[in-house]
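A.B. asks: Sequence order for the protein chains is A, B, C and D. The numbers in this note's numbering rise by one with no breaks, and the one at position 60 of the first sequence is 60. Take the position in the second sequence, starting the count at 1, then add 1000; the result is the number in this note's numbering. Take the position in the third sequence, starting the count at 1, then add 2000; the result is the number in this note's numbering. Take the position in the fourth sequence, starting the count at 1, then add 3000; the result is the number in this note's numbering.
Warning: the hint list may mix true and false statements.
Taking lysine-lysine pairs in the DSSO-like style, the calculated list, with each CA pair at most 30 Å apart, reads [to be verified]:
1. B:K1024 <-> A:K122
2. B:K1135 <-> B:K1056
3. A:K24 <-> B:K1122
4. B:K1135 <-> A:K24
5. A:K135 <-> B:K1122
6. A:K135 <-> A:K56
7. A:K56 <-> A:K24
Simulated from the structure, these hints should not be mistaken for laboratory data.
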Amino acid sequence: MEIRVQSEPFDAGDALTRFSQGHKDVGAIVSFSGLVRVDGGLRYMEIEHYPGMTAKAITALAEQAVARWDLRDLLVIHRYGRLEPGAQIMMVATAAAHRAAAFEAADFLMDYLKSRAPFWKKEVGADGAAWVAAKDEDEAALDRW
Amino acid sequence: MEIRVQSEPFDAGDALTRFSQGHKDVGAIVSFSGLVRVDGGLRYMEIEHYPGMTAKAITALAEQAVARWDLRDLLVIHRYGRLEPGAQIMMVATAAAHRAAAFEAADFLMDYLKSRAPFWKKEVGADGAAWVAAKDEDEAALDRW
Amino acid sequence: MTIDILYFAWLRERIGIPRERVDTDAATVADLVDELTAREDRYAVAFGDLGAIRVAVDQELTEFDAALDGAREVAFFPPMTGG
Amino acid sequence: MTIDILYFAWLRERIGIPRERVDTDAATVADLVDELTAREDRYAVAFGDLGAIRVAVDQELTEFDAALDGAREVAFFPPMTGG
């Protein structure tokens, strides 16, 4: 299990290659990567986080996933700071013997990282800056689990 | 949309890196990769397919996914021939504005590739060779959609 | 009419050939299976449990009661195990 | 007792500081919020809608009725938008 909270850019493909290597009883790997959308109005995104709490909160979520699904391994990378359009914001990867566990655990982790890990996104555009509002649907998504 | 049916090995991470580049309104990318499990008894896996039908069948599944979810792009790679333990068998990647569409479309594609694309797996071990039997649960998984 | 018949996986192994061309007047896939199983034991054995066999006509999955009218290629195989 | 209070995102911007240390006898988070809002307008404005604010005590998410007994760090922030 690896959890990285960092300001440095990363490449989800490179991370997936490393994550995929050297496993034994793994038939299925699922990855999710979140990107800053490229849209005309956005100059960059700024992500604030709560340093003392972030890694702890993500670790607690990861431990829930490991307790609930039969996973062989798990990776979470989440950036903070300034991110340019097209940049990778974060990724999750799960490795399991069977595909259902890998899919469900990745989906679960994403839902909880959205609403329960202490990150706040601000979009800076030509017309000024605005904090991204939490969506009701993101809160509602937690009820699936 | 890219569909590749090939005997050559590939790296899911490299494929994900290429797939992730150059998109515009994409916030979410999900990938699934299937691997030959490393277990003592297995020497290698042999995958047979139906050359005239394979790409056509996968394309039809991909078109169903594109019709049903708001996807920006989609990738399917599936190998045939001899595969060593630990090798990547196949991968699916989906790109969408929102994570739910990317997750669901990848999950859907996997369920249908398992049971509706003309591939047959044979496991060759120390004790001989055996065709992998289709699982009832894989057929049942199609009812989710 | 002339039809190419293809066999995959254990069906191919049991019948012993990957494909053959047949002249047939079979109206449906089921009729064609009857003709084949009447031929030789290895066909009868291979087609013993139709519930374990899938069929594609002209590279589209279909059912055993499908008409063969104009068909050029019929493939028989076990349930698929891709992914 | 002495508590470090942290503010994030728009709460930090409205209050104008990322953190401060306070001496307080507040029994619960809600009591602490009452003390803060009584202080200055910018606090009253920032804490105007508690439904839009989340709280963590010692880096664990909790509710406004949580006790502060022994707490060393209280953080206030809007709903999280990670992922």
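A.B. asks: Checking one constraint from the list: CA of K1135 (chain B) to CA of K24 (chain A), max 30 Å. Satisfied?
C.D. replies: Measuring from Cα to Cα gives roughly 22 Å; hence the hint holds.
A.B. asks: Verify the proposed pairing of K135 (chain A) with K1122 (chain B), using a straight-line Cα cut of 30 Å.
C.D. replies: 47 Å, violated
A.B. asks: Need the status of pair K24 (chain A), K1122 (chain B): alpha-carbon distance at most 30 Å?
C.D. replies: With a Cα-Cα distance of about 19 Å, the restraint between K24 (chain A) and K1122 (chain B) holds, given a limit of 30 Å.
A.B. asks: Please verify whether K1024 (chain B) and K122 (chain A) have alpha carbons no more than 30 Å apart.
C.D. replies: 19 Å, holds
A.B. asks: With the threshold set at 30 Å, check whether the alpha-carbon distance from K1135 (chain B) to K1056 (chain B) stays at or below it.
C.D. replies: 24 Å, holds
A.B. asks: If you draw a straight line from the CA of K56 (chain A) to the CA of K24 (chain A), is it 30 Å or shorter?
C.D. replies: 28 Å, holds
A.B. asks: Against the 30 Å threshold, does the CA-CA distance of K135 (chain A) and K56 (chain A) hold or violate the hint?
C.D. replies: The hint holds at about 24 Å.
Violated hints amount to a single one, hint 5; each of the other numbered hints is respected by the structure.
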